[in-house]
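Construct the entire structure; sequences and hints are all you get.
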Amino acid sequence: MRSVNNTIQLFDKIKKVSERATQIGSIEKIESTPIFMNENGINFMVSVAKSLLKRPFNFPKPDGNINCNDCNIEETKITNNNNNNNSNNNNNNNNNNNNNDNTTIIEPPIKKKFIDPFLPCDKDLFVQELFDRHNLVLNKYNVSNHHSIISTKDFENQVNPLNQFDFKAIWKCIKECDMLCFFNCGPNSGASQPHKHVQLLTTPFNYDEPHLKCPIESLFLKYKNLPNESIFQIEELPFKTAALYYDQSKLKSFEQLEFIENDENNNINSNNNNNNNNNNNNNNNNSNNNNNNNNNNENYPLSKYFESQYKSLLNHLQLNKDNDNNPVDYNLVSTDKEYMCKLKSYNFIMTKDWMFIVPRSTYQSNGISINSVGFTGAILVRKEEELETLKSNGIISILKDVSTPK
30 MRSVNNTIQL
40 FDKIKKVSER
50 ATQIGSIEKI
60 ESTPIFMNEN
70 GINFMVSVAK
80 SLLKRPFNFP
90 KPDGNINCND
100 CNIEETKITN
110 NNNNNNSNNN
120 NNNNNNNNNN
130 DNTTIIEPPI
140 KKKFIDPFLP
150 CDKDLFVQEL
160 FDRHNLVLNK
170 YNVSNHHSII
180 STKDFENQVN
190 PLNQFDFKAI
200 WKCIKECDML
210 CFFNCGPNSG
220 ASQPHKHVQL
230 LTTPFNYDEP
240 HLKCPIESLF
250 LKYKNLPNES
260 IFQIEELPFK
270 TAALYYDQSK
280 LKSFEQLEFI
290 ENDENNNINS
300 NNNNNNNNNN
310 NNNNNNSNNN
320 NNNNNNNENY
330 PLSKYFESQY
340 KSLLNHLQLN
350 KDNDNNPVDY
360 NLVSTDKEYM
370 CKLKSYNFIM
380 TKDWMFIVPR
390 STYQSNGISI
400 NSVGFTGAIL
410 VRKEEELETL
420 KSNGIISILK
430 DVSTPK
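For the sequence shown, the working numbering gives the first residue as 30, with consecutive numbering after it.
Hints were generated in silico from the structure; no laboratory data involved.
Only true hints are included.
Below, computed lysine-lysine pairings styled on BS3-like, alpha-carbon distance capped at 30 Å:
id : residue 1 : residue 2
1  : Lys-350   : Lys-429
2  : Lys-204   : Lys-42
3  : Lys-253   : Lys-381
4  : Lys-381   : Lys-340
5  : Lys-201   : Lys-45
6  : Lys-412   : Lys-44
7  : Lys-58    : Lys-182
8  : Lys-45    : Lys-152
9  : Lys-44    : Lys-204
10 : Lys-381   : Lys-169
11 : Lys-366   : Lys-340
12 : Lys-45    : Lys-381
13 : Lys-201   : Lys-381
14 : Lys-152   : Lys-182
15 : Lys-44    : Lys-201
16 : Lys-435   : Lys-253
17 : Lys-251   : Lys-381
18 : Lys-58    : Lys-201
19 : Lys-412   : Lys-58
20 : Lys-340   : Lys-435
21 : Lys-79    : Lys-420
22 : Lys-281   : Lys-253
23 : Lys-204   : Lys-340
24 : Lys-350   : Lys-182
25 : Lys-281   : Lys-42
26 : Lys-333   : Lys-371
27 : Lys-429   : Lys-412
28 : Lys-152   : Lys-44
29 : Lys-251   : Lys-340
30 : Lys-381   : Lys-42
31 : Lys-420   : Lys-251
32 : Lys-169   : Lys-412
33 : Lys-350   : Lys-435
34 : Lys-420   : Lys-58
35 : Lys-333   : Lys-253
Since we're looking at a predicted model, the values are computed, not measured.
Below, the structure is given as structure tokens:
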């Protein structure tokens with residue numbers, strides 16, 4: 030349930046921007062009524078989302094169809110070599126060229142420029158800044174009303190793990206707007222953009238099941254009485270998973286601590302401003318020093334708590350290593366696209382109560398692409414033929430195919 034203060038303010042902004050973007054055609058709306066398919070105790074919601082056919086896919090896949098992580102696509106051009114087109118070479122190497130008039134040469138790759146949708150973000154989809162590192166925008170290819178995105182202001186790679194700054198922005202949205210967050214990480218995760226971003230969906234997915242944020246949560250409930258922060262695997266699912274419930278007492282304590290620290294910082298800033306009025310020259314320097322100190326001593330205990338729990342799930346599933354079982358070198362990711370495709374992929378889902386990770390083995394099965402949304406219990410297909418494939422194969426079977434075996 031959305032709180033009455035900041036929640037309304039932030040969610041009202043999302044609704045207002047969404048209404049305008051829909052009116053001017055900036056959002057590709059999904060016109061579909063979901064059908065329900067029950068498997069393994071999950072009341073799956075299945076929708077045909079034809080708008081997904083229009084969604085650009087700019088993230089590298091490990092099938093040889095690799096895009097550079099700097100958003101360029103390389104193509105190799107092969108041309109015939111002859112004397113007329115290579116007069117300079119002919120003048121310098123007459124003998125060699127006489128013997129190689131009809132050979133072929135491979136020219137340097139041609140790079141097709143890809144426009145990062147988050148740099149800059151579409152002004153018609155922009156909602157607001159989130160602190161100093163992120164933007165909140167609407168998803169142009171939305172899977173439900175008010176489907177939103179948190180993207181980093183500066184380019185960061187989508188394969189990089191979430192950090193405390195990401196979690197600070199995430200928590201603001203999922204708490205104030207009662208949303209679910211998901212993160213597609215890695216070449217097999219179903220990610221479509223190389224620029225780091227997470228996505229947000231309003232909850233509950235199914236208003237006939239208001240006690241569940243999403244359908245998959247029905248399998249979580251029996252683990253709720255475990256000690257807080259205990260990592261558990263979902264027994265009913267035939268593939269690897271890891272989930273945990275937060276310690277709510279810690280959340281409350283950390284939130285109070287951050288509130289106190291923010292209040293103290295505001296008082297310090299207010300005092301600095303007063304001093305600046307009296308001593309412009311000296312205080313300008315002091316103000317700069319204070320600002321630098323504040324930036325260098327950023328302390329978000331709540332965000333660090335989420336980062337710690339997230340890392341514990343990654344470690345539990347050994348997702349902090351590459352496919353060769355070596356620690357991931359994230360510096361190498363930015364320069365070596367082949368190395369990027371050696372990284373392990375996973376889907377991460379987070380609510381106000383729990384977080385959940387599913388390791389991935391491939392991004393699609395039987396022509397059906399799966400990202401994190403599939404592991405919330407909401408399946409999206411792009412056309413009717415895929416819906417029939419889903420019905421004939423079974424949802425759990427498709428999810429098993431794209432995951433890793435227990």
